[in-house]
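Here are the chains, one letter per residue:
Number of protein chains: 2
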Amino acid sequence: MAKEKKMVEAITSMDVDFAQWYTDVVKKAELCGYTSVKGCMAIKPAGYAIWENIQKELDRRFKETGVENVYMPMFIPESLLDKEKDHVEGFAPEVAWVTHGGLDQLQERLCVRPTSETLFCDFYQKEIQSHRDLPKVYNQWCSVVRWEKTTRPFLRSREFLWQEGHTAHATAEEAKERTIQMLNLYADFCEEVLAIPVIKGQKTDKEKFAGAEATYTIESLMHDGKALQSGTSHNFGDGFARAFGIQYTDKNNQLQYVHQTSWGMTTRMIGALIMVHGDNSGLVLPPRIAPVQAVVIPIQQRKEGVLEKAEELTQILKAAGIRVKTDATDKSPGFKFAEQEMRGIPVRIECGPKDIENGQAVICRRDTREKYVVKFEELAAKVQEVLDTMQKEMLERARAHRDAHTYVATNYEEFKETINNKPGFVKAMWCGNRECEDKIKEDVQATSRCMPFQQEHLSDVCVCCGKPAKKMVYWGRAY
Amino acid sequence: MAKEKKMVEAITSMDVDFAQWYTDVVKKAELCGYTSVKGCMAIKPAGYAIWENIQKELDRRFKETGVENVYMPMFIPESLLDKEKDHVEGFAPEVAWVTHGGLDQLQERLCVRPTSETLFCDFYQKEIQSHRDLPKVYNQWCSVVRWEKTTRPFLRSREFLWQEGHTAHATAEEAKERTIQMLNLYADFCEEVLAIPVIKGQKTDKEKFAGAEATYTIESLMHDGKALQSGTSHNFGDGFARAFGIQYTDKNNQLQYVHQTSWGMTTRMIGALIMVHGDNSGLVLPPRIAPVQAVVIPIQQRKEGVLEKAEELTQILKAAGIRVKTDATDKSPGFKFAEQEMRGIPVRIECGPKDIENGQAVICRRDTREKYVVKFEELAAKVQEVLDTMQKEMLERARAHRDAHTYVATNYEEFKETINNKPGFVKAMWCGNRECEDKIKEDVQATSRCMPFQQEHLSDVCVCCGKPAKKMVYWGRAY
Numbered sequence: 055m056a057k058e059k060k061m062v063e064a065i066t067s068m069d070v071d072f073a074q075w076y077t078d079v080v081k082k083a084e085l086c087g088y089t090s091v092k093g094c095m096a097i098k099p100a101g102y103a104i105w106e107n108i109q110k111e112l113d114r115r116f117k118e119t120g121v122e123n124v125y126m127p128m129f130i131p132e133s134l135l136d137k138e139k140d141h142v143e144g145f146a147p148e149v150a151w152v153t154h155g156g157l158d159q160l161q162e163r164l165c166v167r168p169t170s171e172t173l174f175c176d177f178y179q180k181e182i183q184s185h186r187d188l189p190k191v192y193n194q195w196c197s198v199v200r201w202e203k204t205t206r207p208f209l210r211s212r213e214f215l216w217q218e219g220h221t222a223h224a225t226a227e228e229a230k231e232r233t234i235q236m237l238n239l240y241a242d243f244c245e246e247v248l249a250i251p252v253i254k255g256q257k258t259d260k261e262k263f264a265g266a267e268a269t270y271t272i273e274s275l276m277h278d279g280k281a282l283q284s285g286t287s288h289n290f291g292d293g294f295a296r297a298f299g300i301q302y303t304d305k306n307n308q309l310q311y312v313h314q315t316s317w318g319m320t321t322r323m324i325g326a327l328i329m330v331h332g333d334n335s336g337l338v339l340p341p342r343i344a345p346v347q348a349v350v351i352p353i354q355q356r357k358e359g360v361l362e363k364a365e366e367l368t369q370i371l372k373a374a375g376i377r378v379k380t381d382a383t384d385k386s387p388g389f390k391f392a393e394q395e396m397r398g399i400p401v402r403i404e405c406g407p408k409d410i411e412n413g414q415a416v417i418c419r420r421d422t423r424e425k426y427v428v429k430f431e432e433l434a435a436k437v438q439e440v441l442d443t444m445q446k447e448m449l450e451r452a453r454a455h456r457d458a459h460t461y462v463a464t465n466y467e468e469f470k471e472t473i474n475n476k477p478g479f480v481k482a483m484w485c486g487n488r489e490c491e492d493k494i495k496e497d498v499q500a501t502s503r504c505m506p507f508q509q510e511h512l513s514d515v516c517v518c519c520g521k522p523a524k525k526m527v528y529w530g531r532a533y
Numbered sequence: 055m056a057k058e059k060k061m062v063e064a065i066t067s068m069d070v071d072f073a074q075w076y077t078d079v080v081k082k083a084e085l086c087g088y089t090s091v092k093g094c095m096a097i098k099p100a101g102y103a104i105w106e107n108i109q110k111e112l113d114r115r116f117k118e119t120g121v122e123n124v125y126m127p128m129f130i131p132e133s134l135l136d137k138e139k140d141h142v143e144g145f146a147p148e149v150a151w152v153t154h155g156g157l158d159q160l161q162e163r164l165c166v167r168p169t170s171e172t173l174f175c176d177f178y179q180k181e182i183q184s185h186r187d188l189p190k191v192y193n194q195w196c197s198v199v200r201w202e203k204t205t206r207p208f209l210r211s212r213e214f215l216w217q218e219g220h221t222a223h224a225t226a227e228e229a230k231e232r233t234i235q236m237l238n239l240y241a242d243f244c245e246e247v248l249a250i251p252v253i254k255g256q257k258t259d260k261e262k263f264a265g266a267e268a269t270y271t272i273e274s275l276m277h278d279g280k281a282l283q284s285g286t287s288h289n290f291g292d293g294f295a296r297a298f299g300i301q302y303t304d305k306n307n308q309l310q311y312v313h314q315t316s317w318g319m320t321t322r323m324i325g326a327l328i329m330v331h332g333d334n335s336g337l338v339l340p341p342r343i344a345p346v347q348a349v350v351i352p353i354q355q356r357k358e359g360v361l362e363k364a365e366e367l368t369q370i371l372k373a374a375g376i377r378v379k380t381d382a383t384d385k386s387p388g389f390k391f392a393e394q395e396m397r398g399i400p401v402r403i404e405c406g407p408k409d410i411e412n413g414q415a416v417i418c419r420r421d422t423r424e425k426y427v428v429k430f431e432e433l434a435a436k437v438q439e440v441l442d443t444m445q446k447e448m449l450e451r452a453r454a455h456r457d458a459h460t461y462v463a464t465n466y467e468e469f470k471e472t473i474n475n476k477p478g479f480v481k482a483m484w485c486g487n488r489e490c491e492d493k494i495k496e497d498v499q500a501t502s503r504c505m506p507f508q509q510e511h512l513s514d515v516c517v518c519c520g521k522p523a524k525k526m527v528y529w530g531r532a533y
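Protein sequence lines, in the order shown, are assigned to chains B and U. Read in order, the letters of the first sequence are residues 55 to 533 in the numbering used here. Read in order, the letters of the second sequence are residues 55 to 533 in the numbering used here.
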């Protein structure tokens, strides 16, 4: 009973305190737990199962484009990290350093990888000799460490899980193409599977990856109007190749530098799922990513035949390819409903003695709470239909929310006013100078999220300095 | 041509220099590469794909027994590692220490996990209150670090990949059962999937895991007669629970300590696959674990219709559920054959203009080199049959080799003579005292591999000291 009470206790309303609501959902949906290791999280079964589904789906899509998985060491010798100037400047201040192995001090410090460009470059330098060795299209699934000062579960932690793809190509064109291909893959994945609409674009020089020639990004908008960088794809040109001496002999027997890319997506997407789709009853998971898509909850389960029928329905749904389980625990139905809602299970199926008499069950959809009374023989088809509709409508709803919170500003007063009072994206023109980005950051704590591929002409001048505009930019406060 | 030559060059014969043969296979089958990080390896696509298949198969078997996956931090604060006395003594001398985060020295050193008992205990201590919270049957897939002095690819490296299961139970009986259940799962996996026969048994106190009440092991025999510990399962009793204060209230409202287990299998099984099944042409992969089970090699591929037919056969085999690819590169057939053999692809299918005229292809089996001429319409069924037979016979052959290299010794002269001259397992009686294990290690560099569950009575006295015997033990030199 004590535990039931704990779960049924309302979580903080997202309209009252969004940050506290987020923390409550993470905790009560049992996605992750705190540990004795400061800034690092323990990902619990309900959270990790989401990550496994993300992995499975991304990995399948990667492999369809020719990606091969590998595994590189987790340590980077200091001298290796130092090889590319911009890269080391970007990462050295936030890495964890290993100085001792067993009882001995190391001759050279090793950092725990914050990202693995330098390791892949070192590897490619040894592996690539001829144009026949190209392209290399490698990826690894691993954890990385960045010594952040302030941390939040899934969104920013000292250690997080991700995949990092690292490719080497014969030509600049091929590298550019791969960079864009992977950005599109991420965007499609977010929209089709996570039901999260994204803006595709390029980062400004200020915001690009340390060592990249160009960084492309997908940006999404959370329910509270803050932006989340959701996946990035970097084109390195031949910068790293020159720093690491990665050359191949082309068909004319000439030595050439390779052109490289890298791209990554992380466990922060679990945070995005919470903040895009969640509500005041907890998590709401899009059916395609939900580890459990439907739960059958028996009503008056001690009555004869009820548990058996619940189990029978579960088996029928399972046979139809639906990820389903029965909740046959001895908790009350009301408690089970609250739990199913907190955990974001897309559909629940209620079935009691009266339903059985009538040969029917009740389907309840998590996001809209719509209910359907369905004959047993139509149950599997109807559940699948509800899941499909829910997946589609969750994306539409998120897109409508994003669009309703995307504003335009054509002068600086309007820009500041909007950023300060209307959480969301602000589209505005920009002159291309870093000074304006710095001023905007200083004035209203917003950053350039991206220069979208789909440019619009909103005015002729930079919203900040009034000089001639070069690009339309999405601005926003971000996680 | 230069590259062709490099590949076709014979590898060292396993009978001349087994260690060099192993290194050659690892390199030429492109399983892993050396890195600038001393003692750490880069697992290449061909090696990592084997690991992915091991993961997929083990993970499925785990989940069938109720295992849930989680992810714990990679760092362990020194004070946490120190909590269980035997455990810290076992691991502290071989861990990597992080002392700095970014530019700051840490207040407390963190070690990179060599294994995660302490982290799971810390987590369980927070999570477990009531008997309703039990059992916890968690597992994680990750990498761990042990600062080894001497390293060898897959067999012993400073960082390696593994899974580590950590469970907590209400009773000692349940913990014991889970320990044995997982050992049996590992044994079945090795035999059914990797075609590696194993001896199941218990480790002596000298060889058991640091902090365990009992360690169970599966031991396999490599082609050179050396043993390989292939998977272990530990019963901790309530030792860790007492050190970490992990208690629950039972149904009578009494505080009780939990009982715990852990169990793991690592990337060293890729080394086992090489050393159990490989031959002087390279790797030989059991069909059930092979990332590519069959390769179609067109003969005289420039002749009209040959490449098309090869691709058609590949599609037919793919449709039959076989993992297959066409080798349509511009290398010579002889080179492609050598490559297929080096990489251990179980079956190759040769098809040239004459074959096409006759409506047939040639199947060649990797391990026995048996060839079958098969009509196109029977190809898929025959390939599947060959794969099934090969899987079965590889296990039988490995078991016959293991049995032929398992000896009995009933006195110490015979024991030393056998260990020194006949590589393999030696079964002999043991008094139960560590002194005899130490003396044997000193005299002939052999260790007790396990006290097998299937005990035999070989004599009444210890093979070493002549005192009354307590157990029959498998002895051997080991990797």
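One or more of the hints may lead you astray.
Copies of one chain are not kept apart here, so a pair can be met inside one copy or by any two copies together.
Stated by the list, open to error - Computed list of lysine to aspartate or glutamate pairs in DMTMM-like fashion (alpha-carbon distance at most 20 Å, straight line):
id : residue 1 : residue 2
1  : K436      : E468
2  : K110      : E122
3  : K305      : D242
4  : K81       : E227
5  : K180      : E84
6  : K190      : E246
7  : K81       : E181
8  : K521      : E181
9  : K117      : E106
10 : K137      : D113
11 : K92       : E181
None of these hints come from the bench; they were simulated from the model.
Status of each hint after checking the structure:
1. Taking the closest pair of Cα atoms, K436 and E468 never come within 20 Å of each other, the shortest separation being 49 Å inside a single copy and 74 Å across copies.
2. In the homo-oligomer, the alpha carbons of K110 and E122 lie at most 20 Å apart both inside one protomer (14 Å) and across protomers (16 Å), since each shortest distance falls under that limit.
3. Neither within a single protomer nor between protomers do K305 and D242 lie at most 20 Å apart by alpha-carbon distance, with minima of 36 Å and 51 Å respectively.
4. Proximity of K81 and E227 under a CA criterion of 20 Å is satisfied in neither setting, with 46 Å inside one chain copy and 32 Å between copies.
5. Taking CA atoms no more than 20 Å apart as the test, K180 paired with E84 passes between copies only; the shortest distance there is 13 Å, against 45 Å inside one copy.
6. Proximity of K190 to E246 under the C-alpha cut-off of 20 Å is found in neither arrangement, the shortest distances being 28 Å within a copy and 34 Å between copies.
7. In this assembly of identical chains, K81 and E181 lie within 20 Å of each other by CA distance solely across copies; the values are 12 Å between and 46 Å within a copy.
8. Taking the closest pair of Cα atoms, K521 and E181 never come within 20 Å of each other, the shortest separation being 49 Å inside a single copy and 58 Å across copies.
9. For the identical chains of this complex, K117 and E106 are neighbours both inside a copy (16 Å) and across copies (13 Å), given an alpha-carbon limit of 20 Å.
10. In this assembly of identical chains, K137 and D113 lie within 20 Å of each other by CA distance neither inside one copy nor across copies; the values are 31 Å within and 39 Å between.
11. Within a single copy, K92 and E181 get their C-alpha atoms only as close as 39 Å, which misses the 20 Å cut-off; across copies the closest is 18 Å, which meets it.
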